[in-house]
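Next come the chains, spelled out residue by residue.
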Amino acid sequence: MEKEKLQSYWNSNLKYLVILCSLWFVFGLACPILFVDQLNNFNLAGIPLGFWFATQGAFIFTIILLFIYARLMNNLDKKHGLEED
Amino acid sequence: MTTFQLTILFVGATFLLYAYIAWRSKANSTKDFYVAGGGVSPLANAMATAADFMSVATMLSVPGLVAAIGYDAAPYLIGPAGGFFLLGILIAPYLRKFGKFTIPDFIGDRYYSNAARTIAVVCAIFVTVTYLAGQMRGVGVVFSRFLEVSINSGVIIGAGIVFLYAVWGGMKGITYTQVAQFCVLSFAFLVPIVFLSILLTNSALPWFSWGGTTAGENVFLLDKLDGLNEEFGFKAFTAQGKHTIDLFCISLTLMVGTAGMPHIIIRYFTVPKVRDARKSVAYTLLFIGIVFTATAPLSAFARTYMLEALNGVAYADVPSWFKTWEETKLLAFNDLNGDGIIQFVGGAANEIKIDFDVTFLAIPQIANLSNWVVALVAAGALAAALSTAAGLLLVISSAVSHDLVKKQIRPNISEKSELIIARICAAGAVLIGIYFGINPPSFIIETITLAFSIGASTFFPAIFLGIFFKKINREGAIAGMLVGLIFSLSYIIYYQFMGGKEHGYWMNISAQGIGVVGMILNFIVSITVSRFFPKTPDQIQDMVESIRYPKGAGQAINK
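Protein chains in written order, with numbering that gives the first Met the number 0: chain S, 0 to 84; chain Y, 0 to 558.
If we strip away everything but chain S, and leave its shape as in the complex, we get (with noise of 0.2 angstroms):
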């Protein structure tokens, strides 16, 4: 039973892991680098939105994920009591 509890929590971590990773990775190196030339056909407050990526975009969007990350671990250690006291 607590060897399933336990594997049910790693899975569920993995899969965050999975779903945070590839959203990073479209807005943290994909957005400013692979994309840039179309992403710089739009204009953001007067900045290319690609170059924006580049130079705030990604930075932004990779710390809202991490704020993200921790709630939602910390989430999950509650629901599987595995919070530390």
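Don't take each hint at face value.
Claimed, not checked - The calculated lysine-lysine pairs, modelled on DSS-like cross-linking and capped at a C-alpha distance of 25 angstroms, are: (1) S:Lys-2 x Y:Lys-469; (2) S:Lys-2 x Y:Lys-534; (3) Y:Lys-352 x Y:Lys-328; (4) Y:Lys-534 x S:Lys-77; (5) Y:Lys-99 x Y:Lys-328; (6) S:Lys-14 x Y:Lys-470; (7) S:Lys-2 x Y:Lys-415; (8) S:Lys-78 x S:Lys-2; (9) S:Lys-2 x Y:Lys-328; (10) S:Lys-77 x S:Lys-2; (11) S:Lys-4 x Y:Lys-470; (12) S:Lys-4 x Y:Lys-322; (13) Y:Lys-469 x S:Lys-14; (14) S:Lys-14 x Y:Lys-550.
It is worth saying that the hints were derived from the structure and are not from the lab. Nothing here was measured: the structure is a model prediction, and the numbers come from that model.
Position chain Y relative to chain S; hints supplied.
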């Protein structure tokens, strides 16, 4: 008061503050010395880590690089974000649960091998010493420019301060000093940018104002800058010049390298709980982000200003800041066509040679800001250099006193003796720092490239695989680290130091970006080799299992 007096005042006051904090936080045990007793609050740790990460290169070189090459410097702007992301979700919480003192501790225990531990020690020392050399040199440059002492005395004064709090307080002293240093350096970085933003765009928020129009004209600042760059024969600021695959590989190398930097990873050993480690990483990136998202605006302002202020001006009429920086040899005018007028243009006709580091340091004078801003910038640059140097010193000292002496040479050593050895090693590391500050390798940028690539091709894969794949065994990990290390090292040495030419790059990947290829090789080799050797022992598999669950993380223990 003159600028000089103000600088003495600011630098003196901050140094007194650091010394006071050091005096308050003596390390009484090895746990205090290596992980600050394990009781640092996540927010304080986040500030300390931000100061630890943001070095003299962040403050001086990155803004200058972005000003010079615009979009092509993107990897240096997104690198830290990706680095802390990978560190935060793939490494920090698990190593916190593991609960030991150093990275070689983890690698040696997880791969049940002193050979693996020794490889990790060698890599850790190599990475940190190269990094340290750059920091100490930065200390010397700031001292000599702003305080009119020789570079050598500057290095020794700076090292003396670090000596005080690193040797006396260990990680505990370093952590609380870094909190203060974070406040000093971020304030010193932002103040001149805000003033420059007001000057150029009438707005006090550089993060947004650089997208707006310039003061007094109805043009977007970035359009104007692109136009100026092209008019003078440079690549447009927002345009891409390098190959996409190269930019991609450099970015990933910096990210994975950051996630594998020993002095950054061990910071998360100092918080009490796993959930504190997660929270602390998020706050760290927030604090770093405040500075990094202001960097590109700063560079855009500075570049616009310089192109306009210098081009077509007669050399006889240059502003006074130009002369001051000429004396340091970081800025030079070479009148190629002999007309006495400055041509700051792209290509062979360019008559201005400007060192990246000048961009930020010279801004207060260029923009005619009050002299207290100049003094503030000096204090901030020193805070950035000293905080990073201290974090690095600790890694060097713990690698020797803990991972070599305690774990391998004399396992029965008492805690008291280990603490004495740790202090002696920290003192020794300060001496190494002084040596490199006074006799800097002429290739600091290249060696820092090496540091990141080695972090990316050895530590990151070994730690990541160690946590997520139980099947990776001793033989696999050792083979992987050696292959990654040797591959990256030889590629970089060939192209950076032995005159390898750019067109010879494999798949257009430059030496700066090769670390990620080393990482992939490490993964492939580790996984393949592991299949041919006995499987990971059960007790190690249990250990891997236990670090995956936060409950019962306990405190860092020394055994």
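Which of the numbered hints are not met once you compare them with the structure shown? 4, 5, 7, 9 and 12
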